[in-house]
Amino acid sequence: MSAVIDTHHHDHAHGPAKGLMRWVLTTNHKDIGSMYLWFSFAMFLLGGSMAMVIRAELFQPGLQLVQPEFFNQMTTTHGLIMVFGAVMPAFVGLANWMIPLMIGAPDMALPRMNNFSFWLLPMAFGLLVSTLFMEGGGPNFGWTFYAPLSTTYAPPSVTFFIFAIHLAGISSIMGAINIIATILNLRAPGMTLMKMPLFVWTWLITAFLLIAVMPVLAGVVTMMLMDIHFGTSFFNAAGGGDPVMFQHIFWFFGHPEVYIMILPAFGAVSQIIPAFSRKPLFGYTSMVYATAAIAFLSFIVWAHHMFTVGIPITGELFFMYATMLIAVPTGVKVFNWVSTMFRGALTFEAPMLFAVAFVILFTIGGFSGLMLAIAPADFQYHDTYFVVAHFHYVLVPGAIFGIFASAYYWLPKWTGHMYDETLAKTHFWMSFIGMNLAFFPMHFVGLAGMPRRIPDYNVMFANFNMISSVGAFMFGVTQLLFLFIVIKCIKGGKKAAANPWEGAEGLEWTVPSPAPYHTFSTPPEVK
Amino acid sequence: MLRAAITWPVGLSLSVLGAQASAEWGVNMRRGVTEVSQSVFDLHMTIFWICVVIGIVVFGVMFWSMLMHRKSEDSKPATFHEHLGVEILWTVIPLAILIVMAIPATKTLIDIYDADEADIDILVTGYQWRWQYQYVGEGVSFFSSMSTPRDEIGNVSDKNPNYLLEVDNPLVIPVGKKVRFLVTAADVIHSWWVPDFAVKKDAIPGFINEAWTRVEKPGIYRGQCTELCGKDHGFMPVVVEVLPQDEYDAWMAEQKEAAAKEAELREKDWTLEELVERGEKVYASACASCHQPTGEGLPPMFPALKGSAIVTEDMAQHLDIVLNGVPGTAMAAFGKQLSEVDVAAVITFERNAWGNDTGEMLAPVDVLNAKEGQ
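So the protein lines, in turn, are chains A and B. Start counting the first sequence at 1; every next residue gets the next number (full-length UniProt numbering). Start counting the second sequence at 1; every next residue gets the next number (full-length UniProt numbering).
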């Protein structure tokens with residue numbers, strides 16, 4: 001009997017399988033992590049090219065390149081692809097790669113489910129993108145898809161959009177379950193919760209947010225499906241339904257969703273800033289509590305997206321105060337990062353450049369968020385370009401710069417080579433300048449009165465829109481440089497040591513670079 | 001290649017300069033012309049300056065660290081990593097700032113929500129893609145559609161300063177009176193915004209939202225729809241004309257007279273040419289954004305009227321669709337929006353335009369009969 005088992009064991013290959021099926025069938029967290037990252041980068045370029053269409057049309061007043069119907073499809077799919085296809089999968093990819101390495105686990109806790117949650121994504125986004133080629137066009141009702149524009153008045157392809165959201169949602173929920181199971185069960189002996197790296201902490205909290213709100217999103221799109229095909233009137237006032245209820249349900253998902261996109265970036269930056277300041281993270285405990293506080297508050301602020309729908313004044317005041325409160329734990333995090341840098345010994349390699357820009361520009365996005373929280377002032381800001389400026393400041397230099405910082409920080413571990421520092425710094429400065437040129441003027445046109453989601457505008461907004469477009473093109477083109485840097489780094493470059501960064505700490509730096517296909521088969525001891 | 005690399009930025013900066021000559025660089029919120037808009041502006045500036053000060057402190061420490069505590073400056077890293085005192089301090093201070101900020105914000109909000117005791121009530125209804133204004137109790141009601149010529153949008157002719165912010169019939173209100181807006185919508189959600197009044201209220205089907213203003217300065221104030229409402233969301237401006245009381249009264253009398261005339265028109269004997277002429281204008285304001293000025297539509301969402309079997313043959317069905325709409329599609333029930341004369345005119349126009357030369361006409365009285373027969 002034992003002989004049989006032995007033979008079986010010897011037949012098992014311990015390295016990756018060969019050919020295409022390696023990627024289709026893999027249950028290895030590193031393979032799946034890489035696939036997530038490549039997928040999200042492909043989506044980033046696709047969603048980005050849609051942004052280029054938008055900015056090209058808005059380069060000058062008048063309709064030049066696209067018609068309003070197509071413009072609306074571009075704004076909608078740009079948002080959907082960036083949120084669900086680029087940012088979220090990128091963080092899941094980082095989690096897949098790094099969480100087992102950071103907590104000393106051999107793999108994710110549920111490796112087969114891991115494979116399934118990845119492969120749902122190409123299906124979901126294949127479906128979503130295919131709607132653009134259908135009769136009547138793709139989704140054109142904004143990424144927030146407010147009913148009844150997205151139900152009674154939607155193009156026929158909306159059913160496919162709903163199915164795509166379902167698939168992406170299932171994928172996220174499974175990914176979140178997997179991350180929680182891994183963190184709670186597979187930590188190396190001695191790694192107590194309060195010894196976990198902050199990236200692990202923020203992902204643990206993010207995963208709980210995902211499990212809490214993705215079913216709500218699934219619920220709201222299912223209600224849309226019922227309204228469209230099965231004669232219900234959840235959101236149809238003529239049938240006794242309530243279009244405002246759609247917004248309540250959507251934003252109960254939507255507000256935690258924005259923290260889902262930023263908390264893992266908080267975690268990554270909390271790894272990177274201490275590493276390049278050569279000084280331990282200031283206020284680890286308060287960072288953990290602040291993250292938990294932000295996650296909790298994210299559930300009770302949703303109606304600040306709806307200040308103008310006519311909620312009663314008590315509701316308005318509650319959501320205003322609750323929203324302002326978020327500034328407190330967020331401020332704590334920023335102060336901690338700054339104190340970590342204070343009196344350190346700083347160097348500015350690409351990960352640090354992106355991390356420092358993250359802190360500065362995310363804080364600017366936080367300031368405009370605080371302004372938006374003031375309900376009476378929000379009556380002027382709401383649904384203008386000021387809001388567009390705000391959320392692009394928290395998502396582009398927030399989430400996306402967080403992802404770039406992480407990618408440069410861990411690329412040596414993934415590939416075994418150092419990336420080209422000069423090119424990476426060029427990538428940073430081009431992105432930094434392009435991004436600010438694109439999004440800073442949006443504050444001005446928003447305050448001056450330009451509504452969002454319009455394909456054409458009055459001549460008084462022309463100058464700043466032109467600058468925005470130039471910045472956007474610059475930012476967009478620069479991302480091809482990132483692709484080049486990554487490919488160059490995979491193909492070769494200076495050999496990376498197990499720990500290529502002088503100040504970096506953590507279990508991931510104790511394994512060789514590139515990380516072997518299987519790591520921590522025997523758990524390390526954490527003192 | 002090199003020449004392109006040089007001319008492009010030069011051309012760009014020239015065009016930016018050129019644009020600068022014709023347009024101003026609006027960078028801030030407008031102060032507006034009402035008490036509410038001014039207190040909103042003050043709130044905006046207060047919170048802005050608070051953010052600036054916090055920003056200077058936080059970024060100041062950051063840049064100090066980045067310049068002075070570099071490894072290349074031979075900086076030895078400190079090892080401190082915890083201090084309960086400062087953690088409490090930077091929790092409590094921001095909290096105090098927030099409370100200071102919340103007090104005036106609450107006051108202004110309570111003021112904005114007090115829509116009681118209005119002098120005038122106006123029902124504002126959003127349609128795809130125009131606004132309807134009904135003066136409650138006055139029997140005066142009209143639609144307000146964008147009047148920017150398509151040639152300007154298509155870059156055929158030069159854009160006027162009020163490009164996309166001009167309408168055929170502006171809303172007219174008197175100066176110094178408390179005007180209450182009852183805001184709703186007939187199809188999808190819209191949002192009615194006049195920046196100079198700091199009034200922005202969502203127009204939601206099935207709901208009536210309240211907002212109010214008291215404007216102290218006569219003038220023309222412009223805004224836009226701010227909630228994505230479909231294809232022509234960017235093309236449904238809001239224009240409000242604020243008149244001195246006597247001019248407002250004269251305007252109101254004129255409107256009432258016109259409304260009475262409109263009723264007489266229904267009884268008049270119309271000729272085909274008269275109906276076609278009137279119908280062309282109705283078509284341009286109510287139908288052309290979907291069915292296109294050419295009558296060719298944008299299939300499959302917006303079908304063509306040119307050569308359509310319904311438009312060239314079945315008059316009864318044609319009338320039924322215009323009056324009652326097509327449920328589940330963007331085709332609205334225009335029976336509630338247009339007068340009998342306008343319905344008759346637009347149907348007659350459609351049956352005689354773009355080569356649909358049926359020679360048929362529909363009299364306003366037939367529309368009235370069809371409506372009453374329902």
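Simulated from the structure, these hints should not be mistaken for laboratory data. Keep in mind that a hint or two might mislead.
[To be verified] Far from chain B by the CB rule (all over 10 Å, computed), these chain A residues:
{"#": "1", "residue": "Trp38"}
{"#": "2", "residue": "Leu149"}
{"#": "3", "residue": "Val288"}
{"#": "4", "residue": "Ile360"}
{"#": "5", "residue": "Ile454"}
[As the list claims (entries may be wrong)] Partial list, computed: chain B residues near chain A (C-beta under 10 Å):
{"#": "6", "residue": "Ser141"}
{"#": "7", "residue": "Phe143"}
{"#": "8", "residue": "Ser147"}
{"#": "9", "residue": "Ile220"}
{"#": "10", "residue": "Arg222"}
{"#": "11", "residue": "Cys229"}
{"#": "12", "residue": "Pro299"}
Computed from a prediction, not measured in an experiment: that's the story for all the values here. Built from N, CA and C at the ideal position, the CB exists for glycine as well.
Subject >> Unmet hints by their number, sorted upward, for this structure >> reply: Result: hints 2, 4, 5, 6, 7, 8, 9 break, sorted rising.
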